[in-house]
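Number of protein chains: 4
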Amino acid sequence: MIIVVRPHSTREQINHILERIAELGFKPHISEGEHRTIIGVIGDENKLQAEPLAAIPGVEQVLPIMKAFKLASREFHAQDSVVEVGAPGRKRVRVGGGHLAMIAGPCAIEGAPVMDEIAGKVKAAGANLLRGGAFKPRTSPYSFQGLGEDGLKILRDAGEKHGMPVVTEVMDPRQVDLVNRYADMLQIGARNMQNFDLLREVGQVRKPVLLKRGMSATVKDLLMSAEYILSEGNLQVVLCERGVRSFEDSTRNMMDLSAVPNVKGQSHLPIIADPSHATGRPDLIPAMARAAVAAGADGVHVEVHSCPEKALSDGPQALLPTQYAALMKELRRLAEVMEKTIS
Amino acid sequence: MIIVVRPHSTREQINHILERIAELGFKPHISEGEHRTIIGVIGDENKLQAEPLAAIPGVEQVLPIMKAFKLASREFHAQDSVVEVGAPGRKRVRVGGGHLAMIAGPCAIEGAPVMDEIAGKVKAAGANLLRGGAFKPRTSPYSFQGLGEDGLKILRDAGEKHGMPVVTEVMDPRQVDLVNRYADMLQIGARNMQNFDLLREVGQVRKPVLLKRGMSATVKDLLMSAEYILSEGNLQVVLCERGVRSFEDSTRNMMDLSAVPNVKGQSHLPIIADPSHATGRPDLIPAMARAAVAAGADGVHVEVHSCPEKALSDGPQALLPTQYAALMKELRRLAEVMEKTIS
Amino acid sequence: MIIVVRPHSTREQINHILERIAELGFKPHISEGEHRTIIGVIGDENKLQAEPLAAIPGVEQVLPIMKAFKLASREFHAQDSVVEVGAPGRKRVRVGGGHLAMIAGPCAIEGAPVMDEIAGKVKAAGANLLRGGAFKPRTSPYSFQGLGEDGLKILRDAGEKHGMPVVTEVMDPRQVDLVNRYADMLQIGARNMQNFDLLREVGQVRKPVLLKRGMSATVKDLLMSAEYILSEGNLQVVLCERGVRSFEDSTRNMMDLSAVPNVKGQSHLPIIADPSHATGRPDLIPAMARAAVAAGADGVHVEVHSCPEKALSDGPQALLPTQYAALMKELRRLAEVMEKTIS
Amino acid sequence: MIIVVRPHSTREQINHILERIAELGFKPHISEGEHRTIIGVIGDENKLQAEPLAAIPGVEQVLPIMKAFKLASREFHAQDSVVEVGAPGRKRVRVGGGHLAMIAGPCAIEGAPVMDEIAGKVKAAGANLLRGGAFKPRTSPYSFQGLGEDGLKILRDAGEKHGMPVVTEVMDPRQVDLVNRYADMLQIGARNMQNFDLLREVGQVRKPVLLKRGMSATVKDLLMSAEYILSEGNLQVVLCERGVRSFEDSTRNMMDLSAVPNVKGQSHLPIIADPSHATGRPDLIPAMARAAVAAGADGVHVEVHSCPEKALSDGPQALLPTQYAALMKELRRLAEVMEKTIS
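Protein chains in written order, with the working numbering: chain Y, 12 to 354; chain S, 12 to 354; chain B, 12 to 354; chain F, 12 to 354.
Everything labelled a hint here was simulated from the structure, so no lab data went into it.
Treat the hints with care, as some may be off.
No distinction is drawn between identical chains; accordingly, a pair holds when it is met within one copy or between any pair of copies.
As the list claims (entries may be wrong) - In the DSS-like style, the derived pairs of lysine-lysine whose C-alpha atoms are separated by at most 30 Å in a straight line are:
no.: 1; residue 1: Lys38; residue 2: Lys172
no.: 2; residue 1: Lys351; residue 2: Lys231
no.: 3; residue 1: Lys38; residue 2: Lys164
no.: 4; residue 1: Lys132; residue 2: Lys164
no.: 5; residue 1: Lys231; residue 2: Lys81
no.: 6; residue 1: Lys231; residue 2: Lys172
no.: 7; residue 1: Lys78; residue 2: Lys231
Start from the sequences, fold in the hints, and give me the full structure.
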């Protein structure tokens, strides 16, 4: 930690800063330049970052040197983590370390026949994980909010029938047990990325978590939220880039694909991409799914619906099963170039 | 609702659109221009907005005409709402309709003596509502997370001693009952503005809710989140502008003060401003607090700490009690110009 | 300047960094911590900031300590600058140091009678500077582009008749001489804030410049652009906050009023606010104009048109003269509270 | 164009709107719904978009239906445009329609030997266009501003020696002739994307223009700026995505790769990507260059320097020639999958 002292600070102010640092149990290291005095602070930066050093009179800037996350960092775990999704004893899908997750399914679970139809088609196209929402975070209280437990059963049945582990969102700490009973992977949606009680709760579960980036979260924020889950003992976290809010008004969000190599440089956790939510436009999804694989993502999450115009949620951004099948062909060729496998 | 048909759409596609609209129980109204065909759709727009019309083949754009929120709108309630905070029988603080909320206190509740000292000082300076966090949403799992119920008791005691109703954040639906026992007003923090389960839960409570704008929420999103609370029957909602994420890196957030007149034009709900979180800089807080009152805000929320350099949370953005007292003097003069009262 | 060395760097890498610093004529100051090695670099930071130190192998971060601008800084000039607008010998309008600029007029100059009418009305309402565009930066090549020199003459005549110095935009370095012949103050528009050749050109002129903040410029960027003008010898620069791009789609831009106290803390230059472009909505302009004065702005820039529905540019965001007169009444009361004068 | 009338508007207001539309030479088409009256306006939308219809009293919203650009649109020119760069008679490089531009070189031209070295190396790696800046837009007036005409000569010589057409930036309308004498392709930088006088000036030239997206420009803004150039008669425009400003602070900009398929859907113009400026980080450039090709970009623009730590501009974001060569190998494999050629 480096403390830059405001110019024209008095000797008393500087001494007071030095004393506060010592009081907190750290070792200050003063260095007086021509224009500025700088104080290096040596000690456990994790503790230091929690202290309001910037509030000490005379302090101009506090510059942290180390990362704020630990368990999520490459320093802590140098190799790429591989997360396995699926019940033990059954076929499990590996994500990370060269293995691609191909997650597909409708936005919301609407009923057994539709889910069965979509599951069969995405499986045939090459998807290896089935998604669908039973609890839906909707901007309007008047929109369809999901089928709840009935939806979870429908998803589970379709997953078992078509041999795909299932991923579904959990929005409320009180639902974690219920969702855990049916899902192979628990999704934390973008709006809940900083719902810290929910993060702690899924940190207690021993199943993989798919953590989506919040709409205004930096890459560091995303890793700090992963740290919440990891610090509770659940090490099976897969991150997901799904676009952030921006001034561009022709797409639903702005997909920040650079988050993929950015995360991979500093963390061992797998990261996948969701071009459906990132763009909100079926005409852009295939290009961005390809780009994600080429950027090194560990998988692609796509919403597919057999009749988008009748979908109960996010119909306008769903691909048709035939479009998804065409996309999967392209993704397989790119996976090969990138030396990745789709289990 | 207006549907713009893609150029060169076939007669079959147009007919299919018209049929879908009729199937959904609405009345289409076709108008064929030189370059584009446009279909007006007449009926309850609230139902229409839930339908995936944009997913019908041949549809280029779907343009909503009416607002998506209802109970929060001026159309529903033309007069400014006045929210009363405080236990019945005691002195209650009015917010909205010409009455300003002056909310002050530390970021986190740290202990009874500090809280008592700060409460006494902000009360003397003119604050009418006392704030303090017992459950703290912290980016890092390693930061101080709040005192929980002990904190709530300390806050309640300080509020009673100094004659100020108290405001505190609730982060988890499971905490709502507990917080409700101690607080006069429940705060929903920025990170939880779209935690819909939590919104529904505080919608069940019969106490005022302070709903802070999310870091990437539009004004419309904020009003939609208020609609969640209102639609559960709790009509006592006060909104709060507290800055949004932006590229400007010299302030913690970007304060969007235009949200104040923007909300007032379309909603009857009171809206206050929080320059502490919006700027994160004590040197900017007074100017932005003044600006908020001049822009027509129904109150100002400021973090105050008697020793910011020892604060357990957000110390660097707290005002000293003397700075707060100086600010309150300025705000009283501006309140007079704006013909507002501070109860 | 502080250089943070990447963990696990070799001794050779560290030595190479030290050599490069010495080669560049600076003095390195090494400090080896438990987790990181840090190198303080002592010398003229302005020269240092131009060097690609971050590109030296082994360097993790380069942390500048000093500001990148000089002539624009409070360190260089501690007192508020007062800029005087208007021909010597005539009545001049002071901006800054307690004097408010009240700039009003139509977006584009459309003809002598309209300009005369508007000028008379804004003058009567209390404006002290007249604005109008003769060269218009329009997003579309098919929109009205301004009257050019004819427009400048119309503006000049109206200004002389009604006793107001005039402000108008210059977009092209080749127009500077021409515009300089007619204008009392040269405006650099938001889109040209980083048109560095144009900045240098108006830096050669000996008339005040109104420099508007770019749509994605930070406060620091704005001050760096001012530095371009100042470094050419023209010290009469007035800054203008006019909103930046954001995700909020109900206003034209997002007004960052905190830029006002933010600039004032680090620079001596006056800064005014333009709520017309910032919001693009006449229903929000008065509130934001009031907020600007309360935040400490040195003036307010408002577009006024006697018949907005026939305006050739930006009609929808213009105030009517009667609305402007009502606003000026409010602003005068606020100016009094803020202890400012309108000359 | 659709006009939505404010609820509770009077009959007089509606009549006035209808009269104004008729006065302007258009045909109104009224449709009265239960909650809102809507007026369709039939006629040339290009003219309509220039009219301030939103300023007519009683108008709530004006909804344009057609695109604001024409010559840049797919409606105007259905096939992908192919732009040829290079002097007639020499080997020319094709961009668009399946042909990839691989543009490489240093940020700034620093001297003949460095340029010669870099040119030789990027050519060997597979680049087909050589870049280098002689006029540099620098945030600080104290940074290196480029070698001017000397730099242009150096670039031209290196291009001729190594058989690569050259691309360089022009910043000032007064430099267009000079730059045109040396360059095969004129670049308009991000900061000048809305420098309309400069756009018009390069629109007069009969050489290809590389138009970079502004830091806060929407895709529509970018296409409108292209329209300025096209409307002057220069049809050889190549667009470039280079990142936009965002809240993410770990990358220089946020690369909006979805702009690539987004542009391709609505325009015939080629679009390339610049991961160097988009990310500002050599560790992210290769991944984002690959992603760009996979997303369908018509080329990649990368800054390469043989000694980044001594570069006079943007050293920290340059790739080393060896890194560039490794990247080009990957890009060639991806180009094959995408069925594109590098001439």
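Hint check:
1. For a Cα distance limit of 30 Å, the shortest separation of Lys38 from Lys172 qualifies neither inside one copy, at 62 Å, nor across copies, at 41 Å.
2. Within a single copy, Lys351 and Lys231 get their C-alpha atoms as close as 26 Å, which meets the 30 Å cut-off; across copies the closest is 36 Å, which misses it.
3. Proximity of Lys38 to Lys164 under the C-alpha cut-off of 30 Å is found in neither arrangement, the shortest distances being 58 Å within a copy and 37 Å between copies.
4. Taking the closest pair of Cα atoms, Lys132 and Lys164 come within 30 Å of each other only inside a single copy of the chain (19 Å); across copies the shortest separation is 57 Å, beyond that limit.
5. For the identical chains of this complex, Lys231 and Lys81 are intra-copy neighbours only, at 12 Å inside a copy versus 33 Å across copies, given an alpha-carbon limit of 30 Å.
6. For the identical chains of this complex, Lys231 and Lys172 are neighbours neither inside a copy (39 Å) nor across copies (42 Å), given an alpha-carbon limit of 30 Å.
7. Taking CA atoms no more than 30 Å apart as the test, Lys78 paired with Lys231 passes in both settings, with 9 Å inside one copy and 26 Å between copies.
In this structure, the hints that do not hold are numbers 1, 3 and 6, in rising order.
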